[in-house]
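Novice: Each chain, written out:
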Amino acid sequence: MGKVIRFKLNGRPVSIYVENNELLLNVLREKLGVVSPKYGCGIGECGACTVLVDGEPVLSCLTLAIEVDGKEVTTVEGLAKDSELDIVQRAFIEEGAIQCGYCTPGFILMAKKLLEENPDPDEDYIREYIRGNLCRCTGYVNIVRAIKRAAEELKFHVSRAKQTQ
Amino acid sequence: MTGEKFVKPIKPKVDINKVNTHIIPFEFEYFEPRTVKEAVELLTKYGGEAKILAGGTDLIVRMKQRFIEPKYIINIKKIKELNFIEDRGDYLAIGAATKLREIEKSGIVKRKFEALYEAVRSMAGVQIRNMATIGGNLCNASPAADTAPPLLVFEAKLKIVGPNGERVVPINEFFLGPGKTVLKPNEILTEIQIPYQPEDTGSAFIKIARVAMDLAKVNVAVALRTEGSIVKWVRIALGAVAPTPIRAYKTEEFLVGKELNEETLKEAAEIVKTEVKPITDIRSTAEYRREVSGVIVKDALLRAYERISKG
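So the protein sequences, as listed, match chains A and B.
FYI, the numbering for the first sequence is 1 to 165, going by the working numbering.
FYI, the numbering for the second sequence is 1 to 311, going by the working numbering.
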């Protein structure tokens, strides 16, 4: 029992048959080859499976695939433009905010959304915002630093864009 | 081996070899009603074998763990008439399928119902709050539900719709026990009505949990009005210390007319401890819960009082 769903995945239209009881995470990873969202705890505590649905971060391991019919799903695979990494991705690399890397896609999507909501976050704001994501390497210091760096660079870009106008 | 105590290994209640949280290991029929009427019709048809899917942050987990195996899933996320925050003059109405994240972002909730704002902010992380709904938090009827104590102190009313029309239930009559509410299998919670409080009301919510993402060991909400430092009116509610979220009626009664000072607070804390009926579970012991109940009621009263004085 299931149906064909149509949705946008990282900007591209997708149509695929899913069962009623299939989870978005499994469809992304096993049927569509999008493997940046990770299976971590499976019960909504770790944030490794985070994806953006219509721009909002949600947990793909607790979302039925059938529910994203007609929606837009974004994963880390959709961030780079013309093979150039997103500012947030670069900041994570430059600050060494990646150790084993398992939690990284979730953190990067949270950072993207965070900066969209608040371009000038302080440390408390950042830590509060990413508290639904666990890093078992406990690399939080570098992750927070990376998000701050991304914020600085975004501000710089915006001000430069304004100057050149 | 002499002198060594033999410790019996604790047998886990759930056989982890039978339970994984990777997939939902059974099939079900799936519906996406667009109106409350359609949802009620489906519930009437399938009754006890159907489950309402709102945020899914509890339901899907329990389905994965196979604690429940509903044959029919009724997803109410696409019912627009269940998703709103609306000023109705005397009260604020919140649709049952409104996401916690939307409630936390609502200026009116933050200004008028600070304890509810704090409770929602304290819940899980951004992703879960983007999924979980206020109605789901209530209908799940966890004794630890964080939105329950604030709604109890503001004396919210719950609108319930069934095949024979609607009824309104005060929240203090809604919960019957862990996982149990007054909802019949063919009824659906549609909105939460929170009466506006007089301007001089201060409120606060405090929760003790192991880590940020965890459920409460104890949570408490307080709403307070004073004349100078004399308590004029007070409401206190606690969660995770009884089979349902509870009001601390005796403590409230004791406080009215008293001056809010160290001695009064100390006595109030002692009364709270007699009103709670906590149990020991994986999150905490009964003794700890009882002790901490008194402490956080004290803290919440002080915080609410500070907010009144700040205006």
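Hints listed in this document are in silico derivations from the structure and should not be mistaken for laboratory results.
Take these hints with a grain of salt, some might be off.
Said to hold, decoys possible - With a straight-line cut-off of 25 Å between C-alpha atoms, the simulated DMTMM-like cross-links for lysine to aspartate or glutamate are:
1. B/K112 / B/D90
2. B/K105 / A/D124
3. B/K77 / A/D120
4. B/K45 / B/E32
5. B/K105 / A/E84
6. B/K232 / B/D299
Novice: Hints first: check each against the structure and report whether it holds.
Specialist: Here is how each hint holds up against the structure:
no., hint, verdict
1, B/K112 / B/D90, "holds, 12 Å"
2, B/K105 / A/D124, "holds, 18 Å"
3, B/K77 / A/D120, "violated, 33 Å"
4, B/K45 / B/E32, "holds, 15 Å"
5, B/K105 / A/E84, "violated, 34 Å"
6, B/K232 / B/D299, "holds, 18 Å"
When each numbered hint is compared with the structure, violations occur for hints 3 and 5.
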